[in-house]
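All chains, full assembly: derive it from the sequences and hints.
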Amino acid sequence: MFNPDTILAEKDQNIQSAAVSHEAKALRVNNLNVYAGDHHILRDISLEIPANRITVLLGPSGCGKTTLLKCMNKLTDLYKELKVSGNIFIGTDDILNTTHNIPAIRQKMGLLSQRPYPLPVSIYKNVAYGLKIKGIRDKKLIDFSVEKHLREVGLWEEVKNRLNAPATSLSIGQQQRLCLARGLAVKPAIILADEPTSALDPISSKIIEHLFREMKRHYTIVLVTHVLRQAIRLADHVIFMCDGRIVEQGSPSDLFSQPESDELRAYLIDGN
Amino acid sequence: MRRIKIIEEKIFVFLSAFMTYSLILVLLFIIGVIFVKGFNALNPDMVLKTPRGGYYYGGEGGVLNAIAGSLYIAIGATLIAIFIGLPAALYINVQLIRHRKTQNTIRYFLDALWGIPSIVYGAFGFTLMLFFGMNASLLAGIITVALLISPIMVRTFDEVLSTIPRGLHEASLALGSTRTETAFKVIFRQGFPGFITAVLLSFGRGIGDAASVLFTAGYTDNVPVNLDEPAATLPLAIFFQLGSPIPEVRERAFASAVILTFIILLLSFAARYLAKKYSRTNLR
Ligand SMILES: Nc1ncnc2c1ncn2[C@@H]1O[C@H](COP(=O)(O)OP(=O)(O)OP(=O)(O)O)[C@@H](O)[C@H]1O
Ligand SMILES: [Mg+2]
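Top line first, the protein sequences correspond to chains W and F. With our numbering, you'll find the first sequence wraps up at 401, consecutive numbering, no jumps. With our numbering, you'll find the second sequence wraps up at 501, consecutive numbering, no jumps.
Hints should not be assumed to be uniformly reliable.
[Claimed, not checked] Some chain F residues close to chain W (C-beta under 7 Å, calculated; not the full set):
hint : residue
1    : 314
2    : 385
3    : 393
4    : 394
5    : 395
6    : 398
7    : 403
8    : 406
9    : 497
10   : 498
[Said to hold, decoys possible] Quick list of the computed label-pair ranges, beta carbon to beta carbon:
hint : chain 1 : residue 1 : chain 2 : residue 2 : range
11   : F       : 241       : W       : 169       : 52 to 60 Å
12   : F       : 230       : W       : 335       : 41 to 49 Å
13   : W       : 189       : F       : 401       : 38 to 46 Å
14   : F       : 244       : W       : 327       : 41 to 49 Å
I should point out that these hints are in silico values taken from the structure, not numbers from a laboratory. We treat Cβ as the ideally placed atom computed from N, Cα and C, and that holds for glycine.
What follows is the structure, encoded as structure tokens:
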């Protein structure tokens with residue numbers, strides 16, 4: 130039956146195993162190409178996302194960052210006009226070329242979008258949603274999980290007295306944290322965050338950044354951002370894209386202090 | 218230059234305000250007229266009794282037969298239309314999310330169906346009825362009206378669902394929901410106020426329509442108790458009574474119109490209340 134301690138123990142194990150396998154890869158993209166008609170949106174993308182690190186995707190607007198994230202959790206399926214080829218591996222499973230149990234694949238990735246999209250239900254039900262569709266009915270377990278994840282994103286104290294209020298009654302910054310909590314409740318391994326702070330005020334942004342730094346102990350994070358300072362503050366690994374191609378990738382110290390390509394140099398200058 | 222702009226602004230504001238309020242005034246005028254004209258005939262008997270012998274010559278009775286018939290037909294037809302329209306609208310907006318062309322083709326056809334005059338539905342229902350060897354009956358009326366209002370139901374609901382941002386679909390799918398779960402747990406919930414509007418609009422159209430029930434539901438002085446019995450309806454009751462040479466009977470036509478209007482207004486308020494109550498949790 131339900132026992133919070135086993136869940137916590139499970140988590141501890143995760144941390145340990147992460148610490149042991151230092152250079153483990155959470156995700157591997159191999160020769161990914163995306164076309165929309167004649168438009169070649171992503172060109173021969175090959176990359177590796179290190180586990181338990183924050184990987185920052187940088188690049189000018191329209192270079193294909195959002196599209197790349199959408200490939201990772203198969204949301205490209207929603208767009209008929211997008212033709213996708215290549216492989217995306219989690220471990221040895223090619224998640225891009227399977228139609229088998231797509232919801233389970235998506236549950237491995239938490240998605241945080243540019244603006245928060247709370248489900249049209251209460252705060253509590255937003256966090257409980259993922260558990261309920263997983264078939265979990267145990268009220269105690271759900272209560273426990275809701276509290277745990279709301280605490281994890283620092284929202285618990287603010288909302289504990291109005292869990293049944295509509296999620297939309299929260300401020301945008303709170304909604305974004307709620308969406309994060311909701312995503313964490315389905316126990317993803319990877320968080321895909323697409324400009325998660327661009328609609329937020331500076332303080333809410335700081336909170337999210339702080340959360341990401343905490344969260345990388347348990348999760349792998351892929352972060353798209355246009356805020357260079359944020360990239361510098363958070364990145365363990367940087368991928369710079371331009372025009373659908375990866376131009377440079379590597380450690381932040383290398384890329385930011387000694388950019389090799391003209392594109393990145395120009396981007397760094399314009400971005401500051 | 219600046220003065221011209223100010224005058225222009227004033228004229229435009231005046232014109233649009235004028236149009237808005239004159240429309241409301243016309244509606245109030247209509248309600249006023251039917252109320253005044255039907256006032257003398259408005260008594261409890263009108264809603265509590267069925268026509269007695271000689272009713273159509275000014276004798277005793279009321280239009281309970283038509284009230285009941287209209288409610289039965291409109292409620293039955295609305296239920297069928299919900300049964301058809303709810304999955305259809307969700308299908309168009311969730312399952313077909315990748316297929317914009319198909320979506321638009323379906324919408325085009327539904328709009329065409331919406332535009333077909335109700336007498337054509339009446340004629341079609343009548344043909345169908347004869348084909349199945351049925352008589353003019355409650356059931357035939359319900360089916361015909363259901364056909365009439367289904368496109369309204371689907372398109373009205375669909376129109377609201379189609380404005381739901383893609384991000385909400387994506388958020389739901391990203392949490393691991395299937396499309397069906399997304400449809401019923403997220404998209405339906407978000408579109409609920411639109412669903413209420415769709416139900417109201419369909420019901421209003423169904424209960425107010427005369428041509429579709431003219432041949433299919435028939436007319437009777439009794440309250441129908443079985444689906445295969447004919448059923449009277451308020452629009453037809455108004456029509457028959459209004460054609461009478463006797464002033465008292467014409468008064469009753471207006472009283473019937475007041476009753477019909479009142480039912481629709483009541484439902485309007487209920488729908489508004491519900492829509493408001495359930496849109497509290499909605500993403501805006
Ligand atoms: N469904 C689609 N159909 C056609 N073109 C698309 C589609 N989705 C994306 N594109 C195109 O692909 C390119 C990359 O878009 P994407 O949204 O991935 O850029 P981005 O790097 O996320 O930009 P931004 O920083 O502005 O968010 C753009 O030129 C866009 O117009
Ligand atoms: Mg983007």
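Is the shortest C-beta separation between residue 398 (chain F) and chain W less than 7 Å? Since chain W brings a Cβ to about 6 Å from residue 398 (chain F), closer than 7 Å, the hint holds.
Between the beta carbons of residue 241 (chain F) and residue 169 (chain W), is the distance compatible with 52 to 60 Å? At 56 Å between Cβs, range holds.
Does residue 394 (chain F) hold up as a contact with chain W if the rule is Cβ-Cβ below 7 Å? Hint holds; residue 394 (chain F) Cβ to chain W Cβ min 5 Å, cut 7 Å.
Just to be sure I understand the hint, the distance between the Cβ atoms of residue 230 (chain F) and residue 335 (chain W) should be within 41 to 49 Å; is that true here? holds (46 Å)
Measuring from the C-beta of residue 314 (chain F) to each C-beta in chain W, is the shortest one below 7 Å? holds (6 Å)
How about residue 385 (chain F): closest beta carbon in chain W under 7 Å, or not? holds (5 Å)
Hint check, residue 498 (chain F) versus chain W [nearest Cβ-Cβ separation less than 7 Å]: Residue 498 (chain F) check passes; min Cβ-Cβ to chain W is 4 Å, inside 7 Å.
Quick check on residue 406 (chain F) please, does its C-beta sit within 7 Å of some C-beta on chain W? Since the shortest Cβ distance to chain W is 5 Å, the answer is holds.
Measuring from beta carbon to beta carbon, are residue 244 (chain F) and residue 327 (chain W) in 41 to 49 Å? With Cβ atoms ~47 Å apart, the hint holds.
Range hint 38 to 46 Å (beta carbons of residue 189 (chain W) and residue 401 (chain F)) holds or violated: holds (40 Å)
Residue 497 (chain F) as an interface hint toward chain W, with CB separation required under 7 Å: holds (5 Å)
Was the hint right that residue 393 (chain F) lines chain W, CB cutoff 7 Å? OK, holds: residue 393 (chain F) within 7 Å of chain W, min 4 Å.
Violation of the numbered hints given earlier is absent; every hint is satisfied by the structure.
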